[in-house]
Amino acid sequence: MKKKSESLSRAARIFRLGAGVAGGYLAHQVQRPFLSEDEAKARRQSLGAQQAKRVREELQSLRGPIMKVGQALSMQTQALDPAWIEELSTLQRQAPPMHPSLIRAQFKSAMGKYPEEVFRSFEPEPFAAASLGQVHFAVTQAGEEVAVKIQYPAIREAIESDFKALRAAGFAARMTGHLKESVVQEAERGILEETDYVREADNLEYFRKHLEPLSFVRVPKVYRDLSSRRVLTMSRLGGRRLQEFLESNPSQEMRDRVGAQLVRLFFFQLFRMKALHADPHPGNYLFNDDGSLGLVDFGCVKHLKPEVVRCYGQFWSREWVQSNKIYAEMVRVAFPDEYRANARQVRRSMEEIKRFYDEFHPLADPPVLLDLGDPRFMEALGQLAKVLLKNKFLSPDFLFLSRTESGMCNILHILKTRVRTTQIVRELISPEVDRSSR
Amino acid sequence: MKSKRKSAQNVPPREGSAAEGKRDRKKELTKDRILAAALELFREKGLEGTTTKEISQRAGIAEGTLFNYFRTKEDLALFFFQKETDDLIAWYQGNTHLAKASLPEKLFAIMHRQLEYLAPSEDFIGAVFFRSLQPHSKLNPLSLESQQLRLRYLMFIRGILAEAEEKGEIPPLGDLGSYGVGLFYLGVVAHWLNDTSEGKQKTLAVLDRVLHGAMRIARKEGWEW
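Chain order of the listed sequences is W and B.
Read in order, the letters of the first sequence correspond to residues 1 to 438 in the numbering used here.
Read in order, the letters of the second sequence correspond to residues 1 to 225 in the numbering used here.
Be aware that one or more of the hints could be misleading.
Within a straight-line C-alpha distance of at most 25 Å, the following computed DMTMM-like cross-link-like pairs (lysine to aspartate or glutamate) qualify [to be verified]: (1) W:113 with B:122; (2) W:108 with B:198; (3) B:200 with W:125; (4) B:200 with W:145; (5) W:164 with B:195; (6) W:113 with B:116; (7) B:100 with B:175; (8) B:26 with B:75.
Don't read these hints as lab results, they were simulated from the structure.
Hey, can you work out the whole structure from these sequences and the hints?
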């Protein structure tokens, strides 16, 4: 009963949010006949930015899973203005912290036993916050070191009730065209998937198996008998987090090696596995002194359609410059009709991507060693993202890909690494991509 | 809170004769045996399906003797809650981690411990919980039979709140604080009994969020989920 009144007041806040946004929009509509076309456009844009900021701040103050909702909505680019995408994507995912007694209780609720009954030892203080939960170190009865990810209780129900409220508020927000029902549905599905640790365990095993050819990558092993939908027990990987790794002052040689491996890891997933670890947060990589890498947190994994991978390869190879046929094929895949990019906008996007690739993936022979620590690199990347959004390059698949890629680029930049990117892509671009594009 | 606590026979041990002390201990052991037998049978056959004859048989006593100890199932319930409170206080006092924990964690751990104690006898508790709402029930929060038990629980909670007040974790709440916690626990039990979520995890979330929110309100920091 307590619970009900809470979710009610929460619903009221979410609703107010929707109403507020709609209210602002209505005021704008009322004024519109009195404004010139340019004025109206400028007004609409500043209004959009204000509302986006307002929504982001309000979501932030609500905390908890709703922040994930905002984050997921930010991926639903076809329905949102750039201003919204920018604001919403700054939301951090975060469940409330759990004290040791809650961790014990939640573990018991999920596994039927207390951690101290199952493990030889269990650290009550968390090692890290995970999305929707936290990670604790433990030692199994057999003496193996493990990391145990434990989900905040009833997070799934909390997300569902937030979405219910969002829908109730949605009729107002829909008027602005910002939130379509299909968008909300897609966002909800995505987040609910992440609450299922059995699914994450499947992802882990899939990546562990398919990344085997890359000897420098380590993926945790799942302990199925110590896992459930809300608890995920994995082998503990060694290694330091990015910041600690950098504090150890790695040599340039080591930086270059690690950088090349990160690039190889990314393009191997893309071209060979056609599946991506989709959360390129620096905290999800662990760096070992021997240069090997640990990859953790497989809550968000994206399997890519073959035509998307092929199209990505074609962006890279720049063959479309010579072939109208390839150009048409790429436009069909990368610019689906519903995003309403016109021919001029498509052309602008394609040219901008080519310009970026010419600079950072030059097709030169022998391949150039690129300095990714160069500030121009990140500037160019930011510029590219801006131009693409402006020209409605909004297919979720590609937006997703480019976000994952820029996440990785960000890590490479912080590492101040130098990489022969072209050489690595040439090695990995799969044969069928080459063949089908010829 | 703790509507149902205390037992008619619950006379504090007096400095009486040694023989008297021995007799009391023996009585207590018999009551334990009866309670254990009854709870087992309730689990196997349900509250209504269990007869007093079966209880006395399993406890190894004459059926007539059973009534000397417990006249009704409510008496049995009161004894159950008395045991539960004993267990809770002993456990809390022996828990070194909790001594250093924050107030919301302490209260969370206490209530979770209580729910875990109730869990194996959920059907029994469910039946007596709703019976306790009847005015003539010995279990109802205002019944004199349950006062002693409830007082013990409230004093226990008051001690914990007083510590937190001393440390400046919360502003002085006085006895009102422990009554508040007690009433909240009653609500938690009702929620828990009706909680159909996997592993009753919703109750955990409600417990955690409400305690966290109440702390913020007590400190006048405003509500936050």
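Hint check:
As the CA atoms of residue 113 of chain W and residue 122 of chain B are separated by approximately 18 Å, the hinted pair is consistent with the 25 Å bound. Between residue 108 of chain W and residue 198 of chain B the CA atoms are separated by roughly 11 Å; this keeps the pair inside 25 Å, and the hint holds. Between residue 200 of chain B and residue 125 of chain W, the direct Cα distance comes to roughly 24 Å. Compliance with the 25 Å bound is thereby established for this hinted pair. Taking the CA atoms of residue 200 of chain B and residue 145 of chain W, the gap is near 29 Å; set against the 25 Å cutoff, the hint is violated.
Of the supplied pair hints, the one linking residue 164 of chain W and residue 195 of chain B holds, its CA atoms being roughly 20 Å apart against a limit of 25 Å. About 11 Å separates the Cα atoms of residue 113 of chain W and residue 116 of chain B, which keeps this hinted pair within 25 Å; it holds. At most 25 Å may separate the alpha-carbon atoms for a hinted pair to count; residue 100 of chain B and residue 175 of chain B meet this at roughly 23 Å. Under the criterion of a C-alpha separation no larger than 25 Å, the hint pairing residue 26 of chain B with residue 75 of chain B is consistent with the structure, at around 18 Å.
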